[in-house]
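Peer 1: Line by line, the protein sequences are chains D and V.
Those letters in the first sequence? Residues 546 to 1206, by our numbering.
Those letters in the second sequence? Residues 1263 to 1479, by our numbering.
Be careful, since some hints might not be right.
Unchecked claim - Pairs of lysine to aspartate or glutamate, DMTMM-like flavour, derived with a Cα cap of 25 Å:
| # | chain 1 | residue 1 | chain 2 | residue 2 |
| --- | --- | --- | --- | --- |
| 1 | D | Lys993 | D | Asp866 |
| 2 | D | Lys934 | V | Asp1434 |
| 3 | D | Lys936 | V | Asp1434 |
| 4 | D | Lys934 | V | Asp1312 |
| 5 | D | Lys934 | V | Glu1422 |
| 6 | D | Lys993 | D | Glu978 |
| 7 | D | Lys1187 | D | Glu1201 |
| 8 | D | Lys936 | V | Asp1317 |
| 9 | D | Lys936 | V | Glu1435 |
| 10 | D | Lys934 | D | Glu1080 |
| 11 | D | Lys928 | V | Asp1267 |
| 12 | D | Lys934 | D | Asp866 |
| 13 | D | Lys934 | V | Glu1387 |
| 14 | D | Lys641 | D | Glu671 |
| 15 | D | Lys800 | D | Glu938 |
| 16 | D | Lys936 | V | Asp1267 |
| 17 | D | Lys641 | D | Glu606 |
| 18 | D | Lys787 | D | Glu768 |
| 19 | D | Lys936 | V | Asp1355 |
| 20 | D | Lys934 | V | Glu1435 |
| 21 | D | Lys934 | D | Glu807 |
| 22 | D | Lys928 | V | Glu1422 |
| 23 | D | Lys928 | V | Asp1338 |
| 24 | D | Lys934 | D | Glu804 |
| 25 | D | Lys934 | V | Asp1430 |
As the list claims (entries may be wrong) - Label pairs and their calculated CB-CB ranges:
| # | chain 1 | residue 1 | chain 2 | residue 2 | range |
| --- | --- | --- | --- | --- | --- |
| 26 | V | Asp1267 | D | Val810 | 32 to 38 Å |
| 27 | D | Val871 | V | Phe1421 | 42 to 48 Å |
| 28 | V | Phe1421 | D | Val994 | 32 to 38 Å |
| 29 | D | Leu990 | V | Arg1469 | 38 to 44 Å |
Read the hints as simulated data drawn from the structure, not as lab findings.
Please read these numbers as outputs of a predicted model, since none were measured by experiment.
Backbone N, C-alpha and C fix where the C-beta goes; we use that ideal spot for every residue, glycine too.
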Amino acid sequence: LISFPVFDRLHVAGYDMYPGAPDAPGLDIVFDGTTIVLGANGLGKTTLVTMLFRMCVGPAELANFAPGEPLGNRILEVRAARPPERRVFADRVADKAADATASLVMRLGPRSFAWTRSLRDLSLLELQVDDEGQTTDEEAFRDLFVEAAGLRDFADWILLLRFISFYFEDRGALVWDASAQRQILRLLFLPPDLSQQWGTLEADVLSRDTDMRNLRAVVNRAEREMLAAERDLEREPATKEKLDELQAEQPRDIKALDEISETLVILERDQARARLDAAIAADERESAYRELERLQLMSIAAAFPSQDETITYLFAKLAADSRCLVCGQDAPGAVEALRERVKEERCVVCGSALRASRRATNVTRRQLTRAENAFAAAETRLKRTTDVKEKAEEAFAVAVLQVRELRARITHRSAEIDAQIAQLPPEEGELRERRDELSGLRAGLDEKVAELDEARQGFATFVADARRRIAERAQAVQQTFTAFAEDFLFEQCELRYQPHFARIGQSGEAIEYPAFDLDMTGATFESPVPRGGPEQVSESQREFIDLAFRMTLMTVAGEGGVGSLAIDAPESSLDAVFVQRAADVLTRFARRDSNNRLIVTSNLIEGDLIPELLRQNGIRSQDDPHVVDLLNLAAPTAAIAKLRPSYEVVRARLFEQAAGA
Amino acid sequence: MMPADVQTLRRRLRVVALLAGARRAGTTPVGISQLHALAYFADALSPVWDLRIVDTQLLKRVAGPFSPALQADVEDLVGQGVVIPSDVQYVQDPDSGWRLQAAYRLHWSFGARILDEARSFKRWEREVRFVEEVVLAFSTIDQNRLLAAVATDASYGDFEVSAGRLLDIARDEEHPNLTARVALRFRHLLEPKVHLRAPELVHLYVRELDRRMSRAG
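Sequences and hints are given; from them, build the entire structure.
Peer 2: Rendered as C-alpha cells:
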C-alpha cells in the first residue's frame, strides 16, 4: 500500500504576502478535516496551495511535464526546478522573500515529517523525521519521502501529488488521461521493485526508439545524398532512370508506413470502441424489444381464445417486428390485420367478437406507445452503431492491409536498389565506398530495429503480467468509485477496467496498458455508455468524476485509506441540488475522525459550494480554525484596500448563507 | 450464399445440437440463461477441437452470457417449429432492463432430420459431436450452477475484462483463448505418458470448473 500525505500544520513566517494578524504574525494553519481558504483575487489562495505542493517537492519538477496536458509517453525523470520556478514565492513580494520561511508538519503512513524551506529559493533549512533531526540535503529528503510513501522514486512522488493529492486549477483529468493513468496505476498497485523494473524497461525501449529514429534519419540523409551524387554521374540511362525511380519511391513509402502505423493504433481503438457501442446497443435493443413484446403479449393475451404459449409467442413476434417466424418473411399486411382485430376487440385467430371479460387488460395504449418509441430508438441506435462498427472495422482492415503491402514493398525495393547498385561500374570508386558505408548504416539500422523490437516485446510481456496484478484490484476500484460517484452525480456512473493500447515511443507495435474507462448514463442513454473524453460530459460532471476517481484511488491504494486532497477553486457553476451532494461527499471524505484532509480554496463570491461546505462542517465564522481568512491574513490588494467594507459585507453574507443554507 | 447466412446456419445448427445434447443428457427443457451459457462454452472450447468460434465477441454481463443474435436464431427456430418454448415469461433485471425468460426443447422429428443431414458431412458431424459433448460434459454440473461456472471460467471470469465490456475469445491470433488454453494444458501436463483426446479435454475442463466452484463454496 502507498502512504498518501496527511497534512497536519503549515506555518508561514516573514512572507509579506501573508503578514497575518497583529497578535499572530504570518500564517499558522492546523489542518483537521476540512480547511476552507477564503479570499479574493490576488490574495494568495492558489499561492497557498502551491506552497503546500512546493514544500513537498522542493526545487524539483517532472521533466517535460506541462500541467493540464496529457502526461504522454516519456521517461519519468525529475529535473531541477528552473530559476523562475525556484522564485515562485519570491517573485510575488517586494523583498524577494529574503527571510521568509514555510514549515510543514505532515504524516506519511506511521512516520511524521516536519521541515522548513526558504521561500526565497525553496532550499531546505531544517528537517525532522519522527522528531529526529536529519541532514538538509535535498537528495536525502527525497529518499526519505520516497521510502515512507512506498514508492519507486521521487518522480513517482511528484506524479502522485500532481495527479491525486493536488487538484490545481490547470489540472488534467486523470480519468481521461490514459498515459497518466497507467503510471498512476503502476505506482499505486505494483510493489516498488516491479514498479522500478517497469520504469527501467520502459526507459530502455524509449531510448532505443530514439536511437533508432536518429539512425534512421542519418540513413535517410545518406540515401538522399547518395541519390544526388549518382544523379551527377554519366551512366547508362536505363540504370540511372531505374535507380532514380526506386530511390525516389523508397522514402515516400517509408514515410507513408510511419504515418499509417501511427494511425493504426487510433483505428484499432476506434474499432474496439465501435464494437463495444454496437454490442451495448444490441443488448439495449434486446431489452427494449422484450418490454414491447411483453406489453403486446399482455394486450394480445386478453384477446386470445387460447393461451397456448407457442401461438402467443408467434403472434407477439409478428406484432413486434413485422416478421413471420414460421416462414421468415416480412408480413406487414398480416400485422395490420392482427392489429385491426386487436383494436376491434375480435379474436386474432378467427376474428370472432370477444366477450367483455376476455378483453380485460392492464396494458394502456400509452404504455404501448412508450415501449414502441423506446424500441424504435433502440433499433435506430443499433443500426447507427452497427454502421459505425462496420466502417471502423473496414478502415482498420484497410490500414492493416496497407501496412502489410508497404512493408513488403519497402523490403522488396531495398533488395532491388542494392542489386542495381551492385551492378554499377567499378570506376565509380568513391561512390562505391559511400554505397558500402550506406549499406553498413542500413545493416546497423536493421540491427537497431531488431533490438528495439526485442526490448519492446520484453516490455510488453512484463506489462501483461503487471496488468493482471493491477486488474486484481480493479473490482475494488470500480466498487469504491461507484459509491463516490453515486453520491456526487445523479447519473449512473461506472468505472470499467479496460486496458488501452498505446505506442511506446514513436514506432512499432502498440502495448496494452492497464486503464479504467468511464461509462455514464445521460439524457438519451438509459444504460451507462462509454464516455471516451472530458468533452462527453458537462464541466461540473467532469470535475466531480475526476475527484471521485482520485478519492477512490486514495481509498483503495492508500495505507489506511487516508490522505489529503487540496482543491484549488472548485467548479462554481453548480446548481443548488448538485452543490449539496458535492458538499456531502467532500465533507464525508474529510470528516474529523477519518484522518483525511480536505483543503478547498475559493473566492468569496463564487457559487454555493463553499456556503454549503461551511454549513455541513458547522463553521459559523471566519474565526473558526477551519477557515483561513485571507481577507484578514493576506496583504491587501488595491481592490481590497479600497473596497474592504464591501468585501466584509460579502463575507458576512457568505456565513449568513451558510447558516441558513 | 452470403457469409451472414452461413454464420446464421452455423448458429442454428449449434442451437439444435445443444438441445439434442440436452435431450441425450436428460436436462431438457433448457432455460434461456443455460442455453446461452452452453453456447458460450461451446464457443470458448471450440479451439480445443480445432473448430471455429461462432460468436467471437460478446458483451460481458454480470447476469452471464447472452447473445442477441443467438436468441434471434432460437426464435426463428421456434417459428419453424424446430424448437418448442415453454414457461415463457418476462422478468425485469435491475441491470439490463426487460428480459425474456423461457425454456426450450427440441421438436425431435425436425431436430433429428437436421442433425442426420449435418452428420452426413464429416465437417459438420464433428461440429455436432463437439457441441453434444460440451453439453454432456456440463450436464454433470447442477444446471442451476451453470452461471456460476461461467463466472469461474478462465475467459468469462477473467478480471481483466470488466462487465459492460467486450469479451473477445478469438482476439489473440497466435494463441487460443484462456478457456481453451486451460483445457489444452491438461494435454501438455500428461503427455507423453497419456495422450488425451479432445472430448476428454472438454470433460476435464468442466471437472476443473466444478472443483473450483466447490472450493470457492
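Peer 1: Next, verify each hint and record whether it holds.
Peer 2: So, going through the hints one by one against the coordinates:
no.	hint	in the structure
1	D:Lys993 x D:Asp866	60 Å, violated
2	D:Lys934 x V:Asp1434	20 Å, holds
3	D:Lys936 x V:Asp1434	22 Å, holds
4	D:Lys934 x V:Asp1312	28 Å, violated
5	D:Lys934 x V:Glu1422	23 Å, holds
6	D:Lys993 x D:Glu978	22 Å, holds
7	D:Lys1187 x D:Glu1201	24 Å, holds
8	D:Lys936 x V:Asp1317	20 Å, holds
9	D:Lys936 x V:Glu1435	22 Å, holds
10	D:Lys934 x D:Glu1080	22 Å, holds
11	D:Lys928 x V:Asp1267	19 Å, holds
12	D:Lys934 x D:Asp866	23 Å, holds
13	D:Lys934 x V:Glu1387	34 Å, violated
14	D:Lys641 x D:Glu671	20 Å, holds
15	D:Lys800 x D:Glu938	24 Å, holds
16	D:Lys936 x V:Asp1267	21 Å, holds
17	D:Lys641 x D:Glu606	21 Å, holds
18	D:Lys787 x D:Glu768	15 Å, holds
19	D:Lys936 x V:Asp1355	32 Å, violated
20	D:Lys934 x V:Glu1435	20 Å, holds
21	D:Lys934 x D:Glu807	20 Å, holds
22	D:Lys928 x V:Glu1422	29 Å, violated
23	D:Lys928 x V:Asp1338	20 Å, holds
24	D:Lys934 x D:Glu804	23 Å, holds
25	D:Lys934 x V:Asp1430	15 Å, holds
26	V:Asp1267 x D:Val810: 32 to 38 Å	34 Å, holds
27	D:Val871 x V:Phe1421: 42 to 48 Å	44 Å, holds
28	V:Phe1421 x D:Val994: 32 to 38 Å	36 Å, holds
29	D:Leu990 x V:Arg1469: 38 to 44 Å	54 Å, violated
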